[in-house]
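Novice: If you want the building blocks of each chain, they are given just below.
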Amino acid sequence: DTGVSQDPRHKITKRGQNVTFRCDPISEHNRLYWYRQTLGQGPEFLTYFQNEAQLEKSRLLSDRFSAERPKGSFSTLEIQRTEQGDSAMYLCASSQPSGINEETQYFGPGTRLLVL
Amino acid sequence: AQTVTQSQPEMSVQEAETVTLSCTYDTSENNYYLFWYKQPPSRQMILVIRQEAYKQQNATENRFSVNFQKAAKSFSLKISDSQLGDTAMYFCAFRGSGGGADGLTFGKGTHLIIQP
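So the sequences go chain by chain: A and B. Using my numbering, you'd call the opening residue of the first sequence number 389 and step up by one each time. Using my numbering, you'd call the opening residue of the second sequence number 410 and step up by one each time.
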């Protein structure tokens, strides 16, 4: 069990550029979540996948945000036309729907985005 | 929508003391999950303890225990024999019974400082 991994760990970009983040969940976990965490706040839920199906996306912050999980393994979160207000930590988590740790979400280290 | 409130932005105690972090939540659901997560400085979110609402017995994990009062919608975390490594942000989180699509709803966190 290597845990949830995210890449890159840090990203600096200029306003208006597109950025993409990757998340690799724990291998046996079929549920994957994206969150945004701004300074001094708790994480804010963005979207959820069960296998390759995106079952919740209404909480994505705007139509500039999109996420995919094409083969039900890793996922990507893309932000188009970045704005300074997008600067935050983007967290990924995964979980399994059954077993002793069912519904417990395990988090990755996050990608810290700074938009200049 | 569910809300989670952590009323203590920051707490400081001496090493080896016992400390209790408070959390209240608002929901109309009967079945749900509650979690405490720890986020050390510049490090990833780690699960501390979880509680299923249908279980009357309070969860314990070594030095960590909860006081779950379902009727009062209260879910406090007690840390016994506190250690320097317990210094971190602590987040209380709620997950409803709607499956993964609910995501987690987090409080704003409590910054716990353990003094030597």
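Worth flagging that the hints you see were computed from the coordinates, not collected in a lab. This structure is a prediction, so every number in the text was calculated from the model and none was measured. It is possible that part of the hints are untrue.
Only pairs whose alpha carbons sit at most 27 angstroms apart, straight line, appear in this in silico DSS-like list of lysine-lysine [said to hold, decoys possible]:
id	chain 1	residue 1	chain 2	residue 2
1	A	Lys-399	A	Lys-445
2	A	Lys-445	A	Lys-459
3	B	Lys-517	A	Lys-445
4	B	Lys-479	B	Lys-464
5	B	Lys-517	A	Lys-399
6	B	Lys-482	B	Lys-517
Novice: So, for every hint listed, does it hold in this structure?
Specialist: Results for each hint:
1. Between A/Lys-399 and A/Lys-445 the CA atoms are separated by roughly 24 angstroms; this keeps the pair inside 27 angstroms, and the hint holds.
2. Note on A/Lys-445 and A/Lys-459: the hinted pairing holds, with a Cα-Cα distance of about 18 angstroms set against a maximum of 27 angstroms.
3. With a CA separation close to 23 angstroms, the supplied pair B/Lys-517 and A/Lys-445 stays within the 27 angstroms bound.
4. About 10 angstroms separates the Cα atoms of B/Lys-479 and B/Lys-464, which keeps this hinted pair within 27 angstroms; it holds.
5. Between B/Lys-517 and A/Lys-399 the CA atoms are separated by roughly 25 angstroms; this keeps the pair inside 27 angstroms, and the hint holds.
6. Distance restraint check for B/Lys-482 and B/Lys-517: the Cα-Cα separation of roughly 17 angstroms lies within the 27 angstroms cut-off, and the hinted pair is therefore satisfied.
Hint violations for this structure: none, all hints satisfied.
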